[in-house]
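Hints in hand, dock the two standalone chains.
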Amino acid sequence: NAGVMQNPRHLVRRRGQEARLRCSPMKGHSHVYWYRQLPEEGLKFMVYLQKENIIDESGMPKERFSAEFPKEGPSILRIQQVVRGDSAAYFCASSPYSTGSYNEQFFGPGTRLTVL
Amino acid sequence: KQEVTQIPAALSVPEGENLVLNCSFTDSAIYNLQWFRQDPGKGLTSLLLIQSSQREQTSGRLNASLDKSSGRSTLYIAASQPGDSATYLCAVSGANNLFFGTGTRLTVIP
Numbered sequence: 001n002a003g004v005m006q007n008p009r010h011l012v013r014r015r016g017q018e019a020r021l022r023c024s025p026m027k028g029h030s031h032v033y034w035y036r037q038l039p040e041e042g043l044k045f046m047v048y049l050q051k052e053n054i055i056d057e058s059g060m061p062k063e064r065f066s067a068e069f070p071k072e073g074p075s076i077l078r079i080q081q082v083v084r085g086d087s088a089a090y091f092c093a094s095s096p097y098s099t100g101s102y103n104e105q106f107f108g109p110g111t112r113l114t115v116l
Numbered sequence: 001k002q003e004v005t006q007i008p009a010a011l012s013v014p015e016g017e018n019l020v021l022n023c024s025f026t027d028s029a030i031y032n033l034q035w036f037r038q039d040p041g042k043g044l045t046s047l048l049l050i051q052s053s054q055r056e057q058t059s060g061r062l063n064a065s066l067d068k069s070s071g072r073s074t075l076y077i078a079a080s081q082p083g084d085s086a087t088y089l090c091a092v093s094g095a096n097n098l099f100f101g102t103g104t105r106l107t108v109i110p
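So the protein sequences, as listed, match chains R and Z.
Per this note's numbering, the first sequence starts with residue 1, numbered consecutively.
Per this note's numbering, the second sequence starts with residue 1, numbered consecutively.
Isolated chain Z, as found in the complex (with noise of 0.2 Å):
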């Protein structure tokens, strides 16, 4: 069964740093993985998908890596600011369904 594990639960960085965020996944047989956003109280929003083909993508100052055969990704954020505080959520897609990581919760300080 997948397991999606992200380290770590929380992290609080002042404003103007540059950060990463890890996800690791058990099963590498997976189809593509999405990082999502989630303020607290809301839904998620989608920030990026990587195919399972692809290495990496870039959304402004988000970049996401993908190494299926160790089963991690990472999510770079570029010059932190306070808006970008949020839930970071990391997903694979099995056959029909997502599998979630339980989120870094972010705090970039002003």
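Extracted from the complex, chain R is given alone in its bound form (with noise of 0.2 Å):
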């Protein structure tokens, strides 16, 4: 069983262009959840998605940040006109369950993005 999987792991763009973040869940999985990682910061709540829902997006930026988790593939992160402090490591998680005690999300590798 695989698991959470992010693609690409390192990701180099120009100030003003587009980023896109991927992440497929763990099989059986139907929630999607994505956090953000500024250098020497911890990690921050960005987004919660089920398929084709976004549930809560109060971690999101106002603008130019915005993800879907459609019914077929996987979720993706879009980041427009990306700016230097978007450099920063993007990780998605998984898991069964939306809430309740047994709710373990379980974390792809992250991707690494930098904006020159």
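Simulated from the structure, these hints should not be mistaken for lab results.
Treat the numbers as computed from the prediction; the structure is a model and nothing was measured.
Glycine is no exception: its CB is placed at the ideal position from the N, C-alpha and C atoms.
Errors might be hidden in some of the hints.
Said to hold, decoys possible - Pairs of lysine-lysine residues, derived as DSBU-like cross-links and limited to a Cα-Cα distance of at most 35 Å, are as follows: (1) LYS42/Z / LYS44/R; (2) LYS1/Z / LYS44/R; (3) LYS51/R / LYS1/Z; (4) LYS1/Z / LYS71/R; (5) LYS44/R / LYS71/R; (6) LYS44/R / LYS62/R; (7) LYS27/R / LYS51/R.
Unchecked claim - Simulated DEER-style distance windows between Cβ atoms: (8) TYR76/Z / GLY16/R: 41 to 51 Å; (9) ALA95/Z / GLN81/R: 43 to 53 Å; (10) GLU72/R / LEU11/Z: 27 to 37 Å; (11) THR107/Z / GLU72/R: 42 to 52 Å; (12) SER28/Z / LYS71/R: 34 to 44 Å; (13) PRO40/Z / ARG15/R: 18 to 28 Å.
In structure tokens form, the structure reads like this:
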């Protein structure tokens, strides 16, 4: 059973370009979470999605950032018109349940975005 | 808003020592608490999950405790090894997400 997969592992973009980060959850998991880790900071929640639905986007920046989890295919985190401050590691996690004490989140290896 | 604090920020110990990492959180209304390990430039590996109704969990040389009422958790590592060197992260679960501490960077000296 493959774990959470993220690609690309490293992404370099110039200011103003778009970045697309992909996440495939573990088999059987229908809940996906995105977190961002800025240099020398802790992980911060961005968004929680189920198939075709955004459940909680309270951690998403108001502009330039969007996320989706289509019926088929991976979850996508999209950053438009990237700026240097977007440089960070972006982690995706998945879980089999939505909430509750048994809800363990499993993390992917992350995508390290560098904005030149 | 939930805030998670980990002390110390960094710890260096000789091989073979037992050690304790601390985690505190401000809101006791949590579903569970997870301890993770993060190696430099890598992802997160889940070490232990303690459900809100539990007091502790053990896995090999690791033991984690949870005291919800005081908002505290500890991760005990027995007989430390150089391979244990990593950053250890504590995370508590809210309704839809995890709240992370900034981690303790552990170095085990051979």
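Notebook entry, point to check: Which of the listed hints are broken here?
Noted result: Per hint list: 9 and 10 violated.
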